[in-house]
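Novice: In case you want the letters, here they are:
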Amino acid sequence: MFRAVSNRLGSIATVMFIVATVVFVISRVIPGDPASVVLGAAATQDEIARLRIDWGLDKPLIVQYVAFLGQLIRLDFGTSLFLGQPVAAAMLERAELTISLCILATLISVLFGMPLGILAGARRDGLFDRLGSALAILGASLPSFWVGLILIRFLAVDLGWFPVSGWGGPEAGWAERLHHLILPGVVLSLPNAVLLLRITRTSMIDVMSQDYIRTARAKGLGPSVVILRHALRNALLPVVTVIGLTAALMIGRTVVTETVFGLPGIGNLVVQAVLRRDYPVLQGVLMTVAGLYVVINLIVDLLYRWIDPRVRGSLQ
Amino acid sequence: MGDTTVLAVENLSVEFRSRRRIVRAVSDVSFTLKAGRTFALVGESGSGKSVTSLAIMRLLAAPAGRITGGSVTLHAPDGPLALTALSERAMRAVRGRQIAMIFQEPMTSLNPLFTVGDQIAEVARHHLGTSRAEAFKGAVALLDRVGIPAAAHRAHAYPHELSGGMRQRAMIAMALACKPLVMIADEPTTALDVTVQAQMLELIRELQDETGMAVLFITHNLGVVAEIASEVAVMYGGQIVERGEAGAIFAAPRHPYTRGLLDSLPPEIDSNMPVRAPLKAIPGSVVDLAALPPGCRFAPRCAWRQPRCETGAIALDADPANRLVRCVRAQEVA
Ligand SMILES: Nc1ncnc2c1ncn2[C@@H]1O[C@H](COP(=O)(O)OP(=O)(O)OP(=O)(O)O)[C@@H](O)[C@H]1O
Ligand SMILES: [Mg+2]
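In the order they appear, the protein sequences are chains A and B.
Note that the first sequence covers residues 1 to 316 in my numbering.
Note that the second sequence covers residues 1 to 334 in my numbering.
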């Protein structure tokens with residue numbers, strides 16, 4: 001286990017370096033200038049130039065790049081140009097919401113996508129397969145923001161079952177927070193649940209046609225043992241990867257969900273940062289997301305090793 | 001126990017239906033398995049051997065595959081059981097316990113995520129309610145019995161950690177777990193190299209002597225048949241075309257297809273066997289099971305063909321020596 005982790009640290013460092021470079025380049029090719037944004041249309045060229053010097057934006061790109069890398073090594077993302085606080089603090093303030101939202105959405109997608117996928121794949125063209133396909137088509141063709149607005153309209157405004165927006169005041173307890181996060185969680189989980197359903201189904205169908213399933217049936221085992229003990233664990237391998245990747249990619253999709261539901265999370269921070277060209281915040285968020293992505297990949301890898309003895313063996 | 005019938009297959013027919021066509025994979029197949037004896041089913045690829053064995057186990061891919069006629073009867077110690085009429089639940093009590101099966105690909109036939117010990121132990125736990133620890137001990141003993149060295153250690157190995165031959169031994173151990181009356185072996189040696197093949201045949205023979213189980217041995221390798229079987233049925237296009245005592249059939253095949261198979265056998269496989277002209281492949285290709293001719297299914301490829309072969313179905317007739325042949329010119333072929 002330790003060996004598996006340490007084996008990967010080298011490659012993780014390389015990946016993060018490449019990501020940092022890409023992030024830097026992307027944040028600088030977005031057209032626009034933060035100094036003119038902050039000073040407004042009435043600012044003179046002089047004022048703008050002075051602010052750019054304060055922020056170090058007058059220096060050659062390569063110098064800025066090296067400074068950026070130097071900060072990253074110290075795990076320092078710098079200070080926001082607009083919020084008047086360090087980027088790390090700004091992210092931390094909003095991380096609880098976004099992380100809770102992503103975990104909730106991942107749980108919802110796993111809870112709905114996987115069982116339905118297993119049932120659909122175990123009995124191809126059966127009742128659950130038809131139901132699953134119908135839901136998958138529906139889920140894949142509806143845009144999240146639209147589903148979000150519909151849910152708000154009916155469940156929150158008309159029926160009053162859920163709050164319309166926000167996630168409670170600063171003193172709100174976890175139950176109240178959860179209540180606020182259910183609708184956005186459902187919306188955020190939709191595409192993932194659909195993807196998970198389809199991957200689980202395909203994987204189950206593939207596994208059910210394997211020789212060892214025929215062996216299990218030839219042993220006299222009943223369908224539930226064949227499916228749950230012999231098929232499911234094998235079918236889980238690609239599913240685990242997809243859960244990990246979609247969980248990581250979800251952070252990107254919180255931008256829309258947080259906007260629709262008026263949630264002050266990381267997604268919201270990104271929107272503001274892009275609109276105002278807040279480079280340090282943009283870079284900080286992108287680097288953190290990339291870091292999370294790498295960490296989740298590592299976790300998926302370790303899960304693989306735990307599930308599949310063939311992978312376990314190959315690294316020893 | 002010499003001539004006790006353990007399993008009787010009578011007029012078994014199997015079809016696969018899809019929207020577009022009906023594949024008649026097995027037509028009117030009959031044979032009996034006797035305790036302590038090996039019965040071989042031979043024939044080219046696609047002749048219906050595996051489908052016959054899966055039909056006996058009632059493991060055909062539902063809903064496409066269906067037994068459309070005939071019966072399979074297991075003569076268990078406490079009375080005969082009509083397998084074709086059993087409920088799925090009752091059939092499950094037969095699979096793995098009374099009739100066990102081993103397959104061609106020992107790599108893919110074992111679940112990659114469980115140790116071989118667990119997979120063998122699972123059979124006794126399921127059928128006999130043996131405790132986990134007890135069943136695992138049983139598995140070790142079985143692995144030892146099928147000739148796996150350091151069995152106690154190897155029981156903890158995963159399939160990918162074993163060689164092909166060892167995996168097949170593990171499959172055999174799994175089949176033996178409940179001391180079945182019948183073992184069906186579907187090309188158990190085809191995926192193994194020649195020396196391992198010979199060991200495997202030897203092992204099956206030994207175990208059979210010891211347990212008195214009947215073996216249904218499926219193969220397309222006639223050399224293997226000569227070594228292991230007392231009786232043979234040759235299948236072509238889902239039908240048995242010739243059936244009888246193994247030695248007699250090798251000495252004097254009566255059906256042109258059997259004769260073609262023997263002629264296409266490379267001489268080095270078994271030097272005791274009477275080999276005519278070496279390596280003459282049968283011309284033409286296998287009959288389409290979705291578009292069977294009205295007459296003899298082998299006729300289009302047959303050197304002995306006559307007009308009457310192609311008009312109506314040919315019966316499987318017995319000769320005085322109890323050999324069954326599905327050919328109007330059987331006496332001339334011999
Ligand atoms: N699930 C299925 N659906 C449709 N047709 C099938 C199915 N399984 C088998 N068949 C057909 O049944 C016929 C007999 O197949 P079978 O597997 O019994 O051949 P075999 O004699 O075992 O050949 P081999 O030596 O290749 O194993 C084949 O023509 C095959 O196409
Ligand atoms: Mg076969």
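These are calculated hints, taken from the structure and not from any lab test.
Be careful, since some hints might not be right.
Across the chosen pairs, the derived CB separations fall in these ranges [claimed, not checked]: (1) Thr-68(B) <-> Leu-155(A): 53 to 63 Å; (2) Pro-300(B) <-> Thr-202(A): 35 to 45 Å; (3) Trp-306(A) <-> Ala-150(B): 50 to 60 Å; (4) His-153(B) <-> Thr-14(A): 38 to 48 Å; (5) Pro-238(A) <-> Glu-202(B): 33 to 43 Å; (6) Pro-238(A) <-> His-153(B): 30 to 40 Å; (7) Asp-211(A) <-> Leu-128(B): 20 to 30 Å; (8) His-153(B) <-> Asp-211(A): 21 to 31 Å; (9) Ala-95(A) <-> Glu-134(B): 49 to 59 Å; (10) Arg-124(A) <-> Pro-149(B): 15 to 25 Å.
As the structure is a computational prediction, the values presented were derived from the model and not from experiment.
Ideal Cβ placement from N, Cα and C applies to all residues, glycine included.
Novice: Does each hint hold? Answer for all of them.
Specialist: Hint-by-hint comparison with the structure:
no.	hint	result
1	Thr-68(B) <-> Leu-155(A): 53 to 63 Å	holds (54 Å)
2	Pro-300(B) <-> Thr-202(A): 35 to 45 Å	holds (41 Å)
3	Trp-306(A) <-> Ala-150(B): 50 to 60 Å	violated (26 Å)
4	His-153(B) <-> Thr-14(A): 38 to 48 Å	holds (40 Å)
5	Pro-238(A) <-> Glu-202(B): 33 to 43 Å	holds (41 Å)
6	Pro-238(A) <-> His-153(B): 30 to 40 Å	holds (32 Å)
7	Asp-211(A) <-> Leu-128(B): 20 to 30 Å	holds (25 Å)
8	His-153(B) <-> Asp-211(A): 21 to 31 Å	holds (26 Å)
9	Ala-95(A) <-> Glu-134(B): 49 to 59 Å	holds (53 Å)
10	Arg-124(A) <-> Pro-149(B): 15 to 25 Å	violated (43 Å)
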